[in-house]
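Engineer: Following the hints, put chain C in place on chain L, whose structure we already have.
Chains as they are written, first to last, in our numbering: chain L, 197 to 539; chain C, 209 to 523.
To be clear, the hints were calculated from the coordinates, so they are not data collected in a lab. Be aware that one or more of the hints could be misleading.
[To be verified] Chain C side only, calculated, beta carbon under 8 Å to chain L, not exhaustive:
no.	residue
1	V268
2	G271
3	R365
4	A481
5	G485
Predicted model only: the values in this text are computed from it and were never measured. Beta carbons are placed, not taken as given, at the ideal position from N, Cα and C, and that holds for glycine.
Next come the chains, spelled out residue by residue.
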Amino acid sequence: MTLKRSIPALVAASFMLATPALAEGELNIYNWGNYTSPELIEKFEEKYDIEVNLDGYDSNETMLAKVREGNTGYDIVVPGDSTVKIMIEQGMLAEIKPNEMENFGNMDPKWVDVWWDPGRNYSVPWQWGTTSFTVDTEVFGGDINTLALMFDPPEELKGRINMLNDMHDVINAGLRYKGYDRCNSNTDELRDVTELLINAKQYWRTMDYSTIEKLTSNDVDLSQNWNGAAMRARAQRPTLQYAYPVEGFTGWMDNVAVLKDAPNMENAKLFVNFIMEPENAALISNFARYANGIKGSEAFMDEEMLSAPEIVMPADAPTPDFVKPCSQEVTDMYNKIWTKLKQ
Amino acid sequence: MGAVQHSGADARLDEARRRVEADTRRRRRQLLAPTLIVIGVFGLFPLTITLIYSFLSPGVYGGVTWEFSTDAYVQFLFERDIFDDTLSFSGTYLSIYGRSIGLAFGATVGALLIGFPTAYFIASKPPSQRNFWLFLITLPFWTNLLIRTYAVLLIIRDEGIVNLSLQSIGLIDQPLTILYTDFAVFLGLIYSYLPFMVLPLYASLEKLDFRLVEAAYDLYATRFQVLRHVIVPMAKPGIVAGCILVFIPGLGAYITPELLGGGKELMIGNLIALQFGGSRNWPFGSAAALILMVVVMMSLIVYVRYAGKEGNSHG
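Bound conformation, chain L alone:
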């Protein structure tokens, strides 16, 4: 019996000794809203006799602002790729060494040596996806694989567009359309992009995160979107199609990590190991409709996910661009552009 295998027993035993009335442990998870499979949580609770508390946030910034002061009581957070890097640099995450855990062998090797956590000493994949856009092909019949539809739209899409209310997603799309680098500090190029965005704004109806609702209520016919949300929207509005623009699009991964001051450190580690089990990873994907990074999980995934065009990229699509965190100087410039845009 390895030490790791005996952890559950040890944890259970220690809790029994310490708190005879409550014969179970606790785990506090702070994840994006509407993103955690209830089935997964139930299974974990039953297996380890641990009570899970779930709380939600709507952006990396919200989460970061809350946990950076410490003592939140949360054990697990699910930051995006660049936020993982920031949190490691700021010393906010516990070095839990998932790479030494029992189920680590299930992780797809391509997600092990990632720039935000090389070798995976702090985090494991939760889900990964792409950020591009969805168009109603009944409203617009032409080629959808170009960012021109957002920045220089045809007549039928003018005023029928929703952009994500996210500084980086909007500015990065503009940079790609113009063929400029991400995390750009070249003033001429940024001025160019600022003009592009301000001009395009007249064609946009809204800037909002609730993309599924905007599309299915027919408020808009095109929306910047994440692939999983695109799939959920298509279920209700079948003429929607997810675009893979030739100019490029964003790739991202949300990762499960443990806070340095986690009150239930051992339970948190149990959870991290638990979700690297293919069957459990599949539960995550079946709920939120994004791919996970665990080999063998396909066998447990819903049939429709294995062939969905939002998940299975066409062979000729560009490689998703995982954007690294920008320097403070660039972020400051982006902030100014963003405020100017929303003036």
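Structural biologist: Just chain C now, with coordinates in the frame of chain L:
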């Protein structure tokens, strides 16, 4: 008080009086303590933090670093050009404040125009029925503001009740674009804050002596003259209170512009929220909040002075 005639009895009486007074003062202080603590802990203390933060430098990933800086205030009016670092006047934030003030003012006027007849109607009912009408006015408060705002969104959207019914009776053939415009925000603000207008107006109008209205008619006043010279002056405290109660929360509204405005343009509340989230500039967020407070307080002072003078001339 003549010190010379002091007998022993007088001195004791004085002593007793002083003790009673001291007791009263102490008891008053003790009774005031809960209020003072609440104001201190929940009012002054957070405000002090805000004030201090507004003079610090932003931390790299949110928060503040303890370095004195007036950048947050400079940034409000001037911008260091993104491209060549020169300082020039910038109307970006002023225009956001301008839009907010305009929308909040419009909503206040709208709420007054709808709220006054409503309050008058209730006040003119027999006392036994008034409570029922007041109950109807407060009914929406039973539901969360977010839910009510969503309800407005569902009603005015392209495929909402308003557009569908207008289309079905053939008045329009294309849906009217109401949702995600400033007009939608304006409607939402009026709807959210109307009860704050009606209740103080009702409190004033309820006390109105309708015999004075009759007297005015007897003296050949027209309807408009009665309204202007009799009813409005007597309802003035209610009008002032109602306008303040609608204008101030309207100015800082966050949910309404976020949901009904489509998120394309900021109001003050959204600008401040943005500084604590995506923009990671807490000092500027603090400064923007304080500037808003100063604007509100100054306009209140001006208003109260003006209203006070008016009141004197009437008295």
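Engineer: Confirm or reject each hint.
Structural biologist: Status of the hints after comparison with the structure:
{"no.": "1", "hint": "V268", "verdict": "6 Å, holds"}
{"no.": "2", "hint": "G271", "verdict": "6 Å, holds"}
{"no.": "3", "hint": "R365", "verdict": "6 Å, holds"}
{"no.": "4", "hint": "A481", "verdict": "10 Å, violated"}
{"no.": "5", "hint": "G485", "verdict": "4 Å, holds"}
Of the numbered hints stated above, the single one contradicted by the structure is hint 4.
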